[in-house]
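Chain order of the listed sequences is A and B. Quick note: the first sequence uses the working numbering, first residue 5, plus one each step. Quick note: the second sequence uses the working numbering, first residue -1, plus one each step.
If you are wondering where the hints come from, they were derived from the structure by calculation, not from laboratory data. Honestly, I wouldn't trust all of these hints.
As the list claims (entries may be wrong) - FRET-style restraints, in silico, Cβ to Cβ:
hint	chain 1	residue 1	chain 2	residue 2	range
1	B	84	A	184	40 to 46 angstroms
2	B	85	A	14	23 to 29 angstroms
3	A	80	B	23	38 to 44 angstroms
4	A	72	B	160	54 to 60 angstroms
5	B	129	A	70	40 to 46 angstroms
Beta carbons are placed, not taken as given, at the ideal position from N, Cα and C, and that holds for glycine.
Spelled out, the chains give:
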Amino acid sequence: MVVGVGLLIAVNLMALSVSASRRYYFAGPANVAVSFTGPFQEIAAHAIRFASEIWHHYFYLVAVARTNDRLEAALKGAAQYQNQCMELALSNQRLRYLLNFKEKNPRPLIAAEVIGRDPSPWFKSVTIDKGVSEGVARGAPVVMAEGVVGMVTDAANHYAKVLLIIDQNSAVDVLLQKNRARGVSKGASVDRCSLDYVLRKYEVDVGDAVISSGLDGVFPKGLRVGTVEKVIKKNAGVFQTVYIKPFVDFEKLEEVMVLLPRATDLRDVGR
Amino acid sequence: MTYGFYVIIGFVLIVLQTCFAPFAALPGDMYDLQIPLMLYLILFRPFRETVFGAVFVGAAMDSISAGPFGIYSMTYLLVFISGTWIVRFLHSGNRWLLPFFVVYGVAVENLVFWSVCLLPGSVVRPPADSLASLGEQVLWGLLTGAVLISGIRFLHRIWTGWMDDLFPRVSEREEGRA
């Protein structure tokens, strides 16, 4: 028995050293565990939401809560629309001079509910109630009306694990909307990201909007990521240190949308 | 039959940890709720059941976490080995020592995490607030750890009672082996 335990520790140590050196980890075992725990998490999440709904909509000022929900939804839509308009105006100016402008098809979306969160305090991921059967695949971007949420790292039959952009292993190629300066957004803590590799020559101000650049091949261009919260420009060095506050409130994450591949992408893969 | 209890209680604790604790918006970071289960096994159950618990619960937790595969399995195996040794000297079955035993488990888990950060070639970085997180986990462990261990012990007694009623022969055989 003692030899067995020693062997287990040795095997475990090897697995740990291999997986710790990779940014995204094993997919196989996770699918099994997520498939097992998923249904229980789904039931628990629905029960919690049901209890929370009863409290907020029946006992806690019925009319005010409903109006508030409606107005919040409308505001989210308006914010997204405003950002889209701003992006369209900016890109229109640049693309006006390009003759080979090609209009891209919008990607199909699927709504999913968050049914569980990462058990550890160090890693930031959530489990959603959509998986391979619904078309969700590993590497699919996950968004909300407010902005970018994360990326699917494991997909089981009916459930998937999403790595949030605030996780330390997450990286999104981004642009500063105002001056188009490029950088990489990485998870820094519970509610903020660091923006790395922004050249010192760019003027970055607190409150500037940060959007996805589309160059990482995961997130389409123009999705809202966050706003600049802090800028540290040291006397020496090529880059400046920038911190972003994401638009998405990850503490209150309940529903998300997964971007599915376009039909044309799938046809290309088929070839 | 008793292994079935560990599987069920393991899943219940995972759901509590991943659904109820985050949605209840409890202040601070909650500690790993599987640690009280592991300590219950170390303190009150035979060796082979503890090894089963460490391997099964460790694999399940590693699979659903976004961290490197092996953090939880390693934690439970280390808690099992060191915990068994400590119990011989401290008699930690004493209920007044239970909260401190839970704190010990939390400390081992955090130590494993920091060690993974220091592994050569590791891409895992400790978050800026990891010390504050440890403090919060320790506080939660002190407040609720002993209650959880006692609760698991109580539920296991009820489970054993049911199993004795349903399958008397199997239970007798299991008792004979133990």
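| Those earlier numbered hints the structure runs against, lowest number first | Checked against the structure, the hints that fail are numbers 1, 3, 4, while the rest are satisfied.
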